[in-house]
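Trainee: Spelled out from the first residue to the last, the chains are:
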Amino acid sequence: MLKMLKWKIKMFYSNKILVALLFLMPVLITVFISPSLIDDNTSEISVNIIDEDNTEISRNYKKRIEDDNRIIHYELSYEKGIKGIEKNDISGMLIIKEGFSKKIKRGQNNDLVELIYSKDDYYFKSLSDIFVQHYFGELVKYRNIDYVLKNYDLVDENNYKEEYENQYEKLKKENSYQFDFIKTEIGSRESINIVTGTNILMYRYIIGVVFLLAYILCLIQNIESNIKKQGMIEKIMLSKVNFLHYGIGNLLGSVIPISINLTLQLLVLSIFTGVIFNLNTVLYILIFSLSIGLLSNLLIKMFKKSENMYLMIPYYILIIWIFGNVLFNLEFLSVFNLSGSIMPGAGIKDIITSFILNTEIDIKAKIIKEFVMILVMALILLSLEYKEFKNVTS
Amino acid sequence: MLLVEFKNVYKKYRNESILENINFSIEKGQVVGIIGPNGIGKSTTLSLLTGLSKVTEGEIDYYDKKDFQTKIGYVPQNNALYENLSGFDNLSFYYDILGVKGSKKEKIKEIGRYLDLENQLDKKVSKYSGGMKRKLDIGAALLNDPDILIMDEPTAGLDIVTRNSILDLVKKLNEEGKTVIFTSHYVNEMKNLCDKIILLKDRNIIFDGNFNELALRYPNIESIEEIYLYLYNS
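Residue numbers (my numbering), protein chains in the order written: chain Y, 38 to 431; chain P, 23 to 256.
Excised from the complex, chain Y in its bound form (with noise of 0.2 angstroms):
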């Protein structure tokens, strides 16, 4: 059994290439494109406002972004916002530029305001869109007051409201009033984490994509060191190497590469988000790598009965079971989460998402829900197993 479980690991670790490749694109993913993909109503950065302009359209604009739930906004000077940055006490600072209404009357986009963040903060950097969206509204509802001024009579009410739609994405399309806003990078004085603040969803995307891709490099995994097995179960039975001891070692050398790859992953991004695993996670690390090393073992014998129709059927219910799941949650970030199914692993991020946050989660349920899990695809796989074995001494 160790020799298989030995070989087995070698096996994952012989394509070098892929194997980095896995380990360093979750870590790549979350530190280049995650925070862009930030869901709109739980994120937080904390930003100093100062509304240079002081008009009623600088003024709404500034309303704007206050009342945007994103953001916690500060009212300080210009000196104490940068200190604030140079501390990391606030994320950074907005300032509307004087003259700011008279160029959104004219037409004018450029020098209207200006950010100024710690060169560190790329979470803020990606953020920055937050503020165009405010501009795009603010400016809209300029243009309708102007127009609605300039034609009342030729106005529906009803369709106000519609109008003010169209005109949005009109706008959103025109090159004229691309918003252009200075941006000034100061240097921090302390590390900065990417994750300012509490950042849940940030986290559990985090997770998410790790685990995510676990479940792809385990499914590779299986596909490469599980090739032409009809020629490899004959050599094994006239091996030494009984049927359990390949089974059970064969099983565990999926498991074991995707534990250590999860692990480090994980302790990989814990240095970005300033998160200290404890013991308790790694084992709830292995907990999963156990139950997606027997669901990727699953798919792949589904894959190899692909030649025949009828043997497919369980396996359609499978893929039906896994993708129905990802289907029901409509939502990108939904996807990556896998929360709320019974998708194998599903759980165990959950708990592992809830010891980083300090949220409250029924463990022992979803402990119990993955120990089933675990233990009916260990079942069926090794009874699958078996019956290959079968199948060569029939």
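To be clear, the hints were calculated from the coordinates, so they are not data collected in a lab. You may find that some hints are simply not true.
To be verified - As a list, the in silico EDC-like pairs of lysine to aspartate or glutamate whose alpha-carbon atoms are at most 20 angstroms apart:
| no. | chain 1 | residue 1 | chain 2 | residue 2 |
| --- | --- | --- | --- | --- |
| 1 | P | 194 | P | 105 |
| 2 | Y | 47 | P | 181 |
| 3 | Y | 220 | Y | 135 |
| 4 | P | 213 | P | 230 |
| 5 | P | 29 | P | 42 |
| 6 | Y | 53 | P | 105 |
| 7 | P | 76 | Y | 425 |
| 8 | Y | 40 | P | 111 |
| 9 | P | 145 | P | 111 |
| 10 | Y | 120 | Y | 222 |
| 11 | Y | 40 | P | 105 |
| 12 | P | 213 | P | 181 |
| 13 | Y | 47 | P | 111 |
| 14 | Y | 124 | Y | 222 |
| 15 | Y | 40 | P | 118 |
| 16 | Y | 47 | P | 118 |
| 17 | Y | 43 | P | 118 |
| 18 | Y | 140 | Y | 88 |
| 19 | Y | 424 | P | 38 |
| 20 | Y | 53 | P | 144 |
| 21 | Y | 43 | P | 105 |
Because the structure is a prediction, the values reported are computed rather than measured.
Given the structure of chain Y, go ahead and fit chain P onto it with the hints provided.
Mentor: Only chain P this time, still in chain Y's reference frame:
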């Protein structure tokens, strides 16, 4: 010395008859070729011989069954190799699985030299040609220094030059005292190699003997290939 004897052997799979009334024997040191078109039961015959599969009816007499089964080197029809591992690692894997004793490195190097693959062992199997893969498969079967080498279609799908090199290898192994039993659907390649051929047709053996006996039985037909075609078309 008689090594193994099939006595009135029948084999069924899911109520379908695969082999019927099979009788033949193999002696130590022979090269035996089991010939027939695809799907005729050649692999099943080998499977019964190795003990991987059980007879439905009849019996197989071994001179010493335990001794026979521990001295087998088996080359399956499909390459049983891990493409992402090197040739050395593949042999190393089978070395561990087969529980071979002694220095692993030395043994693998020895096999590499024997198969003329010594300089290729560090390369990944995915970079090997079909012939090299087949040789490596044979190498894996030779790791425990077997007395009997059983090969399922070792030349299938290979070009003529590679086929000949495999057949030369078979000859060399036989000259070193190994009994070689293999299946093939190429009749010509057996001609200068086999001490005995077994022709299978319609679940039965239609000929069991050497090529001279086959030629004598059909004196009016010129070549072995024509006899083979005559037998399978009649």
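Trainee: Taking the hints in turn, state whether each one holds.
Mentor: Checked hints:
At roughly 27 angstroms between alpha-carbon atoms, residue 194/P and residue 105/P are farther apart than 20 angstroms, so this suggested pair is violated. A C-alpha spacing of about 33 angstroms is found between residue 47/Y and residue 181/P, which places the hinted pair above 20 angstroms, so the restraint is violated. Note on residue 220/Y and residue 135/Y: the hinted pairing holds, with a Cα-Cα distance of about 16 angstroms set against a maximum of 20 angstroms. Proposed proximity of residue 213/P and residue 230/P is supported: the alpha carbons are some 14 angstroms apart, at most 20 angstroms.
Taken as a hint, the residue 29/P and residue 42/P pair is honoured in the structure, with Cα atoms around 11 angstroms apart against an allowance of 20 angstroms. Under the criterion of a C-alpha separation no larger than 20 angstroms, the hint pairing residue 53/Y with residue 105/P is consistent with the structure, at around 13 angstroms. A threshold of 20 angstroms between alpha carbons decides the hint, and for residue 76/P with residue 425/Y the separation of about 16 angstroms falls inside it, so the pair holds. Simply put, residue 40/Y and residue 111/P have alpha-carbon atoms about 13 angstroms apart, close enough for the 20 angstroms limit, and the pair holds.
This hinted pair checks out: residue 145/P and residue 111/P have alpha carbons roughly 10 angstroms apart, not beyond 20 angstroms. The straight-line distance between the Cα atoms of residue 120/Y and residue 222/Y is roughly 13 angstroms, inside the 20 angstroms bound, and the hint therefore holds. For the hint linking residue 40/Y to residue 105/P, the alpha-carbon distance of about 19 angstroms falls within 20 angstroms, and the restraint holds. Of the pairs offered as hints, the one joining residue 213/P and residue 181/P holds, with about 18 angstroms between alpha carbons and a cut-off of 20 angstroms not exceeded.
With a C-alpha separation of about 9 angstroms, the suggested pair residue 47/Y and residue 111/P falls inside the 20 angstroms cut-off, and the hint holds. As the CA atoms of residue 124/Y and residue 222/Y are separated by approximately 14 angstroms, the hinted pair is consistent with the 20 angstroms bound. Annotation: proposed proximity of residue 40/Y to residue 118/P holds, straight-line Cα distance about 7 angstroms (limit 20 angstroms). For the suggested pair residue 47/Y and residue 118/P, the alpha carbons sit about 13 angstroms apart, so the restraint of at most 20 angstroms is met.
Of the supplied pair hints, the one linking residue 43/Y and residue 118/P holds, its CA atoms being roughly 10 angstroms apart against a limit of 20 angstroms. A distance of roughly 15 angstroms separates the Cα atoms of residue 140/Y and residue 88/Y; the hinted pair therefore holds under the 20 angstroms criterion. Between residue 424/Y and residue 38/P the CA atoms are separated by roughly 19 angstroms; this keeps the pair inside 20 angstroms, and the hint holds. Between the alpha carbons of residue 53/Y and residue 144/P the distance comes to roughly 15 angstroms, so the proposed pair stays at or under 20 angstroms and holds.
For a cut-off of 20 angstroms, the pair hint linking residue 43/Y to residue 105/P stands: about 17 angstroms separates their Cα positions.
The structure fails to meet hints 1 and 2 from the earlier list, while all remaining hints are met.
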